[in-house]
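Please build the complete structure, drawing on both the sequences and the hints.
Single-letter residue listing:
Protein chains: 2
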Amino acid sequence: MLKEERQRTILNEVELHNRVLLTDIAEKLDVSIDTVRRDVKELDGENRLRKVHGGAVSLGFANYSPARNNVYALEQKTAIAQKALGLIKDNSVILIDGGTTCVELARLIPPQQSITCFTLSLPVAMELLNKPNIETIFIGGVLSKDSQISIGANTIHNLSQIKVDYGFIGTGYVDASYGLTEFDWDIVQTKKAVIKASKNTVLLSISEKLNSQHRYRTCDINEIDTMITELEPNHQLLNSFKDQNIKLL
Amino acid sequence: MLKEERQRTILNEVELHNRVLLTDIAEKLDVSIDTVRRDVKELDGENRLRKVHGGAVSLGFANYSPARNNVYALEQKTAIAQKALGLIKDNSVILIDGGTTCVELARLIPPQQSITCFTLSLPVAMELLNKPNIETIFIGGVLSKDSQISIGANTIHNLSQIKVDYGFIGTGYVDASYGLTEFDWDIVQTKKAVIKASKNTVLLSISEKLNSQHRYRTCDINEIDTMITELEPNHQLLNSFKDQNIKLL
DNA sequence: TTATTAATTGCAAAAAACAGCATTTAAAAA
DNA sequence: TTTTTAAATGCTGTTTTTTGCAATTAATAA
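Protein chains in written order, with my numbering: chain E, 25 to 273; chain R, 25 to 273.
Simulated from the structure, these hints should not be mistaken for laboratory data.
A hint or two may mislead.
Pairs count within a copy or across copies, as identical chains cannot be separated in the list.
As the list claims (entries may be wrong) - Below, in silico cross-link-like pairs of lysine to any residue (SDA-like), each with a Cα-Cα straight-line distance of 25 Å or less: (1) Lys75 / Gln106; (2) Lys52 / Lys266; (3) Lys169 / His238; (4) Lys220 / Leu35; (5) Lys155 / Asp208; (6) Lys169 / Asn115; (7) Lys65 / Ile112; (8) Lys155 / Arg30; (9) Lys75 / Asp208; (10) Lys52 / Tyr96; (11) Lys27 / Leu273.
These figures come from a predicted structure and were not determined experimentally.
Okay, structure coming up:
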């Protein structure tokens, strides 16, 4: 049997069933497991499937990564996410909210880091699935079409059952005196629950959002433990936050 | 024997069987293996076949466009999804499982259709968010990296709280006598819960999966109400399912 | 934790590819 | 026709690729 035939068969099996065991393939093709392993490794190198411990999975939808090309102020958000990474220790339990900054955080978590991560954001969850050492738990509920996160009573109830080490949240608007505000009532309720579910709440926000407000309030500024912007903590734009009981990063 | 003639024979063999061994050709044509090798090398240079270690394969066999939409058997799955759409009535409540066929179903739901849709699949949920008239509820839980669906006790508990009109499920393997089987224990538990949460269970499966099985059983074949493949219901491949208490579409 | 199962590494045998060379064959020129 | 020339073929020894096996290490499950 030619190597090409064998690899074609392997690909076929993988695509058909989404996942196969190396031992099954070896038996089916009547070759040693070493050969199958080498084939799978090669196919993985060619990006035609993904090798996993003990088998292989189809790329199928596995390589879905939300289009990141038109994210506003990506550079600042990346800088914020980088700072946030410093807070995440191995074996900790965290909760990541929705929004592009939070997606960026999820994307940048190093593959070696082993943590448990709750989220209610679909795009964040997609990113986390790419991390081999992260256990991801999705908080279910009614999905909001524009923010792509779970909202509603069920979501809030689920959040009430957990208490994580760090909760990373975004916000629509933030102001030193008005606190965190949003455009949408449901989102506010959900974010309140996220904050309640976190021992430490970390706000991720680009500086452009500072000193802005909207109609519904999530919380007061000093209910946030840490605020991360892309700016240096002593930047003058952050002056109005320095008096508050809040850590700046 | 002329070189031309020999090369034509080689090409014929390759077209006929998709692949060929150099040693076989050499024996069949009664020439040295070096000659065959040189011929094949030449034909490869002319792009009339692909030379591989130990033999040659036809271009169709080896060719794959890296940019192609890499869902396996997309055409069949689209056909299946189309048939399934016929079952979905306005204002009904449905539950969509994971897998590429289910994603295809979600993708094809017309934008005017207004339904309530539960799902435990991340990619399905992403698709549903694009539909303005669908209320989407994500069943939360621990996310399986391979299958990108919620699994585990929490998922099963959440599923136990609902009863939908139609549950559309996929399966790894299906056999008329062994029923639906899977590679993964957790997935099986989850699918059992999905079936229990559905008044009508509809199995979506391409015909290639028929008569295959794996180690863990989800359910017996007659626990499924309707099975949809890309084939006509009276196709002979479906004969073994006709005796069962199951509707074929 | 321990037990089990995979992955990795190094190695050796077998098969295939390659390069160089000698011989044969086929076509062109005399 | 014969001679010349270039191409084609087969052979030899060497190098590379492929494959399976065994020992060690890593990862996962109980």
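Hints versus structure:
1. Proximity of Lys75 and Gln106 under a CA criterion of 25 Å is satisfied in neither setting, with 29 Å inside one chain copy and 32 Å between copies.
2. Proximity of Lys52 and Lys266 under a CA criterion of 25 Å is satisfied in neither setting, with 47 Å inside one chain copy and 29 Å between copies.
3. Taking CA atoms no more than 25 Å apart as the test, Lys169 paired with His238 passes inside one copy only; the shortest distance there is 20 Å, against 38 Å between copies.
4. Taking identical chains as interchangeable, the C-alpha atoms of Lys220 and Leu35 are never at most 25 Å apart, the minima being 47 Å within one chain and 33 Å between chains.
5. In this assembly of identical chains, Lys155 and Asp208 lie within 25 Å of each other by CA distance solely across copies; the values are 20 Å between and 31 Å within a copy.
6. In this assembly of identical chains, Lys169 and Asn115 lie within 25 Å of each other by CA distance solely across copies; the values are 19 Å between and 32 Å within a copy.
7. Neither within a single protomer nor between protomers do Lys65 and Ile112 lie at most 25 Å apart by alpha-carbon distance, with minima of 32 Å and 42 Å respectively.
8. In this assembly of identical chains, Lys155 and Arg30 lie within 25 Å of each other by CA distance neither inside one copy nor across copies; the values are 30 Å within and 41 Å between.
9. Taking the shortest Cα distances, Lys75 and Asp208 sit within 25 Å of each other only across copies (16 Å), while inside one copy they are farther apart (39 Å).
10. Proximity of Lys52 to Tyr96 under the C-alpha cut-off of 25 Å is restricted to the inter-copy arrangement: shortest distance 21 Å between copies versus 37 Å within a copy.
11. In this assembly of identical chains, Lys27 and Leu273 lie within 25 Å of each other by CA distance neither inside one copy nor across copies; the values are 54 Å within and 39 Å between.
When each numbered hint is compared with the structure, violations occur for hints 1, 2, 4, 7, 8 and 11.
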